[in-house]
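One line per chain: the protein sequences are A and B, in this order.
Its first residue numbered 0, the first sequence is counted upward by one per residue in numbering that gives the first Met the number 0.
Its first residue numbered 0, the second sequence is counted upward by one per residue in numbering that gives the first Met the number 0.
Hints are supplied without guarantee of correctness; some may be wrong.
When chains are identical, the list treats them as one kind, so a pair holds in a single copy or across two.
Unchecked claim - Within a straight-line C-alpha distance of at most 30 Å, the following computed DSSO-like cross-link-like pairs (lysine-lysine) qualify:
1) K8 with K92
2) K71 with K93
3) K69 with K338
4) K338 with K71
5) K93 with K338
6) K135 with K53
7) K93 with K303
8) K298 with K338
9) K298 with K53
10) K72 with K31
11) K72 with K53
Think of the hints as simulated: they come from the structure by calculation, not from any bench.
Below, each chain spelled out in residue letters.
There are 2 protein chains.
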Amino acid sequence: MPVSPLAPKSFPEMPAVAGARLATRACGVKYKDRTDVCLFAFDPGTTVAGVFTKSKTASAPVEWCRRALKGKKARAIIVNAGNANAFTGRAGKKSVDRVVDGVAGALDCPKGQVFAASTGVIGEPLPDQTITNALKALAGDLKGDGWDGAAQAIMTTDTFPKGATRSALIGEQEVTLNGIAKGSGMIAPDMATMLSFLATDAKLPAPLLQRLLEDAIGRSFNCITVDGDTSTSDTVLIAATGQARHPKLSADTKLGDPRLKAFRAALTDLLMDLAHQVVRDGEGAQKFVTIDVAGAASKNAARKIGLAIANSPLVKTAIAGEDPNWGRIVMAVGKAGEKADRDRLAISIGGVEVARRGEVVPGYDEAPVARHMKGQDIAIAVDVGVGRGRARVWTCGLTHGYIDINADYRS
Amino acid sequence: MPVSPLAPKSFPEMPAVAGARLATRACGVKYKDRTDVCLFAFDPGTTVAGVFTKSKTASAPVEWCRRALKGKKARAIIVNAGNANAFTGRAGKKSVDRVVDGVAGALDCPKGQVFAASTGVIGEPLPDQTITNALKALAGDLKGDGWDGAAQAIMTTDTFPKGATRSALIGEQEVTLNGIAKGSGMIAPDMATMLSFLATDAKLPAPLLQRLLEDAIGRSFNCITVDGDTSTSDTVLIAATGQARHPKLSADTKLGDPRLKAFRAALTDLLMDLAHQVVRDGEGAQKFVTIDVAGAASKNAARKIGLAIANSPLVKTAIAGEDPNWGRIVMAVGKAGEKADRDRLAISIGGVEVARRGEVVPGYDEAPVARHMKGQDIAIAVDVGVGRGRARVWTCGLTHGYIDINADYRS
Numbered sequence: 000m001p002v003s004p005l006a007p008k009s010f011p012e013m014p015a016v017a018g019a020r021l022a023t024r025a026c027g028v029k030y031k032d033r034t035d036v037c038l039f040a041f042d043p044g045t046t047v048a049g050v051f052t053k054s055k056t057a058s059a060p061v062e063w064c065r066r067a068l069k070g071k072k073a074r075a076i077i078v079n080a081g082n083a084n085a086f087t088g089r090a091g092k093k094s095v096d097r098v099v100d101g102v103a104g105a106l107d108c109p110k111g112q113v114f115a116a117s118t119g120v121i122g123e124p125l126p127d128q129t130i131t132n133a134l135k136a137l138a139g140d141l142k143g144d145g146w147d148g149a150a151q152a153i154m155t156t157d158t159f160p161k162g163a164t165r166s167a168l169i170g171e172q173e174v175t176l177n178g179i180a181k182g183s184g185m186i187a188p189d190m191a192t193m194l195s196f197l198a199t200d201a202k203l204p205a206p207l208l209q210r211l212l213e214d215a216i217g218r219s220f221n222c223i224t225v226d227g228d229t230s231t232s233d234t235v236l237i238a239a240t241g242q243a244r245h246p247k248l249s250a251d252t253k254l255g256d257p258r259l260k261a262f263r264a265a266l267t268d269l270l271m272d273l274a275h276q277v278v279r280d281g282e283g284a285q286k287f288v289t290i291d292v293a294g295a296a297s298k299n300a301a302r303k304i305g306l307a308i309a310n311s312p313l314v315k316t317a318i319a320g321e322d323p324n325w326g327r328i329v330m331a332v333g334k335a336g337e338k339a340d341r342d343r344l345a346i347s348i349g350g351v352e353v354a355r356r357g358e359v360v361p362g363y364d365e366a367p368v369a370r371h372m373k374g375q376d377i378a379i380a381v382d383v384g385v386g387r388g389r390a391r392v393w394t395c396g397l398t399h400g401y402i403d404i405n406a407d408y409r410s
Numbered sequence: 000m001p002v003s004p005l006a007p008k009s010f011p012e013m014p015a016v017a018g019a020r021l022a023t024r025a026c027g028v029k030y031k032d033r034t035d036v037c038l039f040a041f042d043p044g045t046t047v048a049g050v051f052t053k054s055k056t057a058s059a060p061v062e063w064c065r066r067a068l069k070g071k072k073a074r075a076i077i078v079n080a081g082n083a084n085a086f087t088g089r090a091g092k093k094s095v096d097r098v099v100d101g102v103a104g105a106l107d108c109p110k111g112q113v114f115a116a117s118t119g120v121i122g123e124p125l126p127d128q129t130i131t132n133a134l135k136a137l138a139g140d141l142k143g144d145g146w147d148g149a150a151q152a153i154m155t156t157d158t159f160p161k162g163a164t165r166s167a168l169i170g171e172q173e174v175t176l177n178g179i180a181k182g183s184g185m186i187a188p189d190m191a192t193m194l195s196f197l198a199t200d201a202k203l204p205a206p207l208l209q210r211l212l213e214d215a216i217g218r219s220f221n222c223i224t225v226d227g228d229t230s231t232s233d234t235v236l237i238a239a240t241g242q243a244r245h246p247k248l249s250a251d252t253k254l255g256d257p258r259l260k261a262f263r264a265a266l267t268d269l270l271m272d273l274a275h276q277v278v279r280d281g282e283g284a285q286k287f288v289t290i291d292v293a294g295a296a297s298k299n300a301a302r303k304i305g306l307a308i309a310n311s312p313l314v315k316t317a318i319a320g321e322d323p324n325w326g327r328i329v330m331a332v333g334k335a336g337e338k339a340d341r342d343r344l345a346i347s348i349g350g351v352e353v354a355r356r357g358e359v360v361p362g363y364d365e366a367p368v369a370r371h372m373k374g375q376d377i378a379i380a381v382d383v384g385v386g387r388g389r390a391r392v393w394t395c396g397l398t399h400g401y402i403d404i405n406a407d408y409r410s
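Given only the sequences and the hints, what does the whole structure look like? Please build it.
Below, the structure written as structure tokens:
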């Protein structure tokens, strides 16, 4: 599979995060001749937060993580690609148990502080021995760098590894934030169907970390869509090793607290970066599309309208075909089920006003809009004319490439 | 565009309906060298019922019809293809007004009893003069047969005309039911994005006719989907001329009344036939897919789960690729948002049980399932294991043909 034309030029330089180490290995879970398992290890005292798929058919590792999260501490995350261990019944549960048990043994840590994630085909038993056999070697290979290798090891239909790093001040102490992600199809809130793992050396109580994560995801991963399909396995985990020497923050610190401002912005920005990379690797994607919705009844209504546009096969095929077919945007606004005033609706494409007050602008000249549609970055803005709710969502076009990948490949 | 491989072998023989006449004409609204306008005329005393799109950006003719329906009587329906007169602001409203005014003049009937429907491109002003100029000629051409011609005249991206006829006894009197439909993309409840016009010689008060229509649509047009997109223009109208000599039925007759049993069955069957024809003409469709959902919390929950499966791009591409990728069905059940028990979920494809109690069946043999996937008619059955709600929905695969049609053609 060729690398997406929308891929970033290179993988970012990612520094080590104090207290976090990682290792990867080619275990042959499904793929041959590539790394497919990644182990993260964290020093004692590391707090953790997580957000998972809302699917009613969530995978066995997701169920495990949900329970483990209650302990608020993480010593390890074990991830494999090639098999989702989803819809695998009792056998799937036992597989998770054996894998996390193995990790706890190899790292000499409590089993309840080991998290697991699996991505790949649904419904096939996880050959967990391929993983457990490798745990000792993985534990021996752990080191502070190698985030690029980790991003590689968790890929499935991805055409490029996805990573991002940020730093921020808490008090006068600089902290580091690293994150990797995978995902290119089955991408829709909640969550944007993917795996993402983050580590920071910040010292943050788990409940605060959880609120920070949920807030940032609401503005990043939950605002992207590739195909409107939601995975059984979506998992985002953030581990905070607490090795940075900034003043303590209590668990009930408000998100608006000025001491958190820079960290919160960095976390949101990092997740937004990863989310955009997922869209840029959307299966068959040729165009990166930003959709701004204004004038909605609420922020949530705006997001729903944005996602209705972003998920519409007719809008997405028009984008792929470079056709400024704004009538389909009108259609998608109409089907979103949220309040909209047809006779006040305004639409811009590429900054050019196409329609206002419910009809095409007088003397509409399609030429500049058609030119914009030929570019790689498409901007659609809609004002639905009923309130002050705003949202921004991102998606890609629906192309022959998407059909090729999904009609021919059992992912 | 070649005729869909799923098309019926021929257009049915459709008898005249006493009190209903029709005519078509090539007016050049947008297309050249084909009929594109259809006029239905009904004798005085004809009652009418209608169901329309739930889009918040409904077209001008839809708004007109909603108001006209309050009068409960119909003398005419005027339909054009090539331009939807949607999102055309005040100009669109005036166009409808001029067209229905013209029809009322040509047929010498009250304007409020003239219904209108338009289908085609959104956002372009309707060149209504091309229609009004032809009304006198259309009125002169009215006759009782020619339903096939009417089905032709209302087509847009359709590759074959869609018609169906049924008869039923009310008391000892046989009544006739004729219907035509168009639609092949932008097909999703509510309504399945399309136009459909029906006429019967039954004598039914408008409120009863309305309840009968809504009931039948709930089991037909609202159970099909091609792409999950909802049109601005969906319109189903049924006219009952009342020329059949069966005993009168009062407006508050219950739908379960034995005197209505045969008529209700015939109407549902006719609408189901038309709905299936729409799916069989789904843009790019190569497979006709029936999805049965059982064990849901309610009938409505079952329908929602069925539509989540039917609208999933990943399920639809797997069907197009003849890949028995049942993991994607699990995913779609999970994302539907309705109650489902992962560990009781059962899935069959082509009558072969693939999974039960939340995992693949022991010794699963994919060969017969793969064979079934190569056929033209695909059957998927799911039991979600929580209740007794059932529903059946229909869809088609998502193919390169869909992309071709919608990336290249401004419909």
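Here's how the hints hold up against the structure:
1. Taking identical chains as interchangeable, the C-alpha atoms of K8 and K92 are never at most 30 Å apart, the minima being 40 Å within one chain and 51 Å between chains.
2. When the C-alpha separation of K71 and K93 is checked against a cutoff of 30 Å, the pair qualifies only within one copy, where the shortest distance is 23 Å, while the shortest distance between copies is 64 Å.
3. Taking the shortest alpha-carbon separations for K69 and K338, only the inter-copy value of 24 Å comes in at or below 30 Å, while the best intra-copy value is 39 Å.
4. With identical chains, the CA atoms of K338 and K71 are at most 30 Å apart between copies only, with a shortest distance of 29 Å across copies and 40 Å within one.
5. Proximity of K93 and K338 under a CA criterion of 30 Å is satisfied inter-copy only: 25 Å between copies versus 47 Å inside one chain copy.
6. Taking the shortest alpha-carbon separations for K135 and K53, neither the intra-copy value of 34 Å nor the inter-copy value of 59 Å comes in at or below 30 Å.
7. Taking identical chains as interchangeable, the C-alpha atoms of K93 and K303 are never at most 30 Å apart, the minima being 38 Å within one chain and 32 Å between chains.
8. Taking CA atoms no more than 30 Å apart as the test, K298 paired with K338 passes in both settings, with 12 Å inside one copy and 27 Å between copies.
9. Taking the shortest Cα distances, K298 and K53 sit within 30 Å of each other both inside one copy (20 Å) and across copies (22 Å).
10. Neither within a single protomer nor between protomers do K72 and K31 lie at most 30 Å apart by alpha-carbon distance, with minima of 34 Å and 70 Å respectively.
11. Taking the shortest alpha-carbon separations for K72 and K53, only the intra-copy value of 22 Å comes in at or below 30 Å, while the best inter-copy value is 49 Å.
This entry does not satisfy hints 1, 6, 7 and 10, going by the numbered hints stated previously.
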